[in-house]
Amino acid sequence: MSTAEIAKGAKGAKKAARTAGRKAARTVAVFAAFASFAAFAPLDPASLLKPLGEDWTSYSGDYTGRRYSALTQINQSNVKQLTLAWVSKLPGAPAAGGRGGRGAAPGGGRGGAAPATIVGGEGTGDVVVADALSVKGSILAVNGVLYVSAPDHAWAIDAQDGHEIWHYFWKTKGGTHIGNRGLGLWNNYLYMETPDDYLVSLDARTGRERWHKEIASFAQQYFSTTAPVVVGNHVLVGTGNDLDAPGFLQSLDPETGELQWKFYSVPMNPGDPGVETWKSLDAARHGGGQMWLPGSYDPETHLYIVGTGNPTPAYTSAPRGEGDNLFTCAIVAINVDTGKMAWYYQTSPHDTHDWDSAQTPVLVDADFKGNRRKLVLTASRNGYYFTLDRTTGEHLVSSKFSETVNWAKPELNKLGQPVRNPEKDYHIAGALVSSANGGATNWPPPAFSPDTGLFYVPTVESYAMYYLTETDPRGAMGLGGKEEIGLGASTTYMTAIDYKTGNIVWKHKFRTAASARSATGVLTTAGRLLFGGDPSGNLVAFDPANGTLLWHAAIGQVTNAPQTYMVDGRQYVIAAVGDTLYAFALYQ
Amino acid sequence: MAPTVKDDGQRRTRGTRRTNIVSAISACSALIVVTLMPLAAQRRDFPTRPPGDPAAIERGRALYSVNCTFCHGADIRGGDSGPSLLRSAMVLDDQNGELIGPVVRGGRVDRGMPKFSFTDEQLQDVVAFLHSFTAAGYDVSRMKPPSILVGDAVAGEAFFRRTCASCHSPTGDLRGYAAKFADEKQLQQTWLLPGSGGRGAAPPRIDLPPTTVTVTLASGQKVEGVLDRIDDFVVSLTEKDGTHRSFRTTGAAPKVEIHDPLQPHKDLLRAYSDADIHNVTAYLATLK
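Heads up: the protein sequence lines correspond to chains A and B, in order. If you count by the working numbering, then the first sequence holds residues 1100 to 1687, one letter each, in order. If you count by the working numbering, then the second sequence holds residues -8 to 279, one letter each, in order.
Check the hints yourself; a few may be wrong.
What the hints assert, rightly or not - Below 20 Å or equal to it, Euclidean Cα-Cα: the simulated EDC-like pairs (lysine to aspartate or glutamate) are:
#	chain 1	residue 1	chain 2	residue 2
1	A	1179	B	223
2	B	135	A	1571
3	A	1378	B	101
4	A	1608	A	1642
5	A	1608	B	223
6	A	1608	B	248
7	A	1606	B	223
8	A	1272	B	85
9	A	1272	A	1313
10	A	1523	B	85
11	A	1468	A	1488
12	B	257	A	1502
13	B	135	A	1524
14	A	1608	B	251
15	A	1608	B	258
16	A	1508	B	101
17	A	1272	B	84
18	A	1523	B	265
19	A	1378	B	251
20	A	1312	B	84
21	A	1606	A	1502
22	A	1149	A	1397
23	B	279	B	148
Calculated directly from the structure, the hints in this document are not laboratory data.
Just chain A, with the same shape it has in the complex (with noise of 0.2 Å):
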């Protein structure tokens, strides 16, 4: 779209606003995009501060990680009358030249044409991304409008009718294109991280592009996906490598992406603090501790609490030393103001099957042994749930949440961690370890409910031979050096966790013919309903205090986590299948 067709429709919009009636179909498309801007009202970054309600402004809905919503008028004795509101297929990227990119538009049938899409990047416009198009993460619900992406693209769509605003396609210069788990928003400004390493904001109102900033090196092979989380005037931004690259977690200026601070995962320095959990200071530089999930933020404490990636060489660790490689695989809690770390509490020390700990941690405020406590929980990709003091960082409670996982000895250590057994690492005639390099969660974010005191948390079962195929003793690098062959026999679960004792209070296996699929994320209300994916392609609601089914519908397989919101007094569930959102509402 061009300087001057926006200006045009800038104008246009005054007179849609005032105009009730709809003209031909192009004008429509535009003065309806720019009346819904007239409603938009900026993001103040103050209300990023309120329990999660009609909006959903931030990655997990509110700072606390829980995806807990406030909205009850879907609620446990009307969700069987839950039924579709619309169905939205998100256009993919332009042909060349920049225009077009849909095949059958998606408002067709609806007498609205597509607005033109914004290109920009720093590509050549030559790179295969064989990926198909797939919303993997959380969209954002303000004032009306949703706000989605996927690697390379954003996306305003109108939330009550699930119609295209604006279009914005990213150039790549290439970079793993596994997922994008979202997009960020202060005032008017949209923040979204791409596969090949840029910071790009764009106008919410019109989705152009207002700047980009390079965020790590290409060459060095990070691949960024993770959803910018806002706090104040921080825009906190994380990457992601393969290969044998330092994590960090970067905090920019929301105004002009300008740098404030770096926080890094693993001693960079001599006299660091753990750098005697590493062999050598070149190791530790090479030590991994991706930080590729958003956090979780406590405003009291001005704590950022996130969870940090597996070491590399992920298998072969003796480059690492025999120690606990800080701080991988660990909750980390990092002021926003300073980059400094407060505390950390390790997950899986010294890890050797590329399990990180990245997984959105949940902070909770409630009772804990007679004391009501400032909590975080988290479910780890190593099949263990940990409650630690939000504040300290002190550990409270571990337990194992899944039967099959066998890579630890059988005691946890005077801490309440695992205990590597490496019989379990891998063999050259090969480990039968559980789980699959998947884990027995992954970024598939979690849920907590305040009125049944549970977690809730996708899990799967599942086993792997584990073989070692590096026989030099240096090592491989990245992920190298084994070759992992599952074993086509998982299971899973629905899984609600009692933060009090780690105990099981009740799990869900879901029946299902298809192999290896791993749940999705949780959404859970005051409504007393617990909304998730099955991996046989169904949108689901549970009775969170018991799992018992109450709902679903066969949209094919959920592959973000379901959300909710409120727009002009009617509540929605929306959930993607790939590159199609559908929403649900109830007509009363």
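With the hints as your guide, set chain B onto chain A.
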């Protein structure tokens, strides 16, 4: 309606498989790819460098072997006293020697690296040599581990008689089992759980009976057939005559019983020790 799912549980596996392919392409046939596809779109998960001048790389290799190999290893993956240059952030970020050059000429005296007074041309040759390696977790040329046949075939036979012989026989269904496999890992994966394969050549065809299901209706009538699909809400099957039937399963009836011929194999995954597996594989490898 339901697109193929990208299972993020396989996130890293997928990524590394692709790395494998990309590095293989860039290492072996980058020249061909670039020559044959100058205008065609290319996959580029990670940055790839255009191939260097072979003569410069050879000159660089000679200089490197004399001056650098002792500390950094002939394959630049590190030696006794020097770090790996293959994963070095500085080497990865370097384009044409602008980052490598100052380090080579200035040394890193505090870390024990002396200064080298190469000419500009020599420096460019060493840089070309360093950039001729592909940095990736997987390098196909390195994936040649020793044989996985490390178990005790006698103990494996005893285990087989105790655990497997009620369904399988070395002179019956498993006659000539080992002769079907070119790859030892495929042999092992296939007996652990048929269909779990492994990489390389396609595994031999194993004829398995299908999973069947018995649905007992409220009336007591039983409907049996091959399982098509099942979830928490509906089960569907194909009867002997080809008829497709499906049943809602959310109430108290019908009763659904699944008969998975591989269930004993799946259950045994919780029971094996690694030694059991290696021993059985060593035994089955004798069934030629």
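Hint by hint, work out which the structure violates, then give me just those numbers in ascending order. 10, 16 and 19
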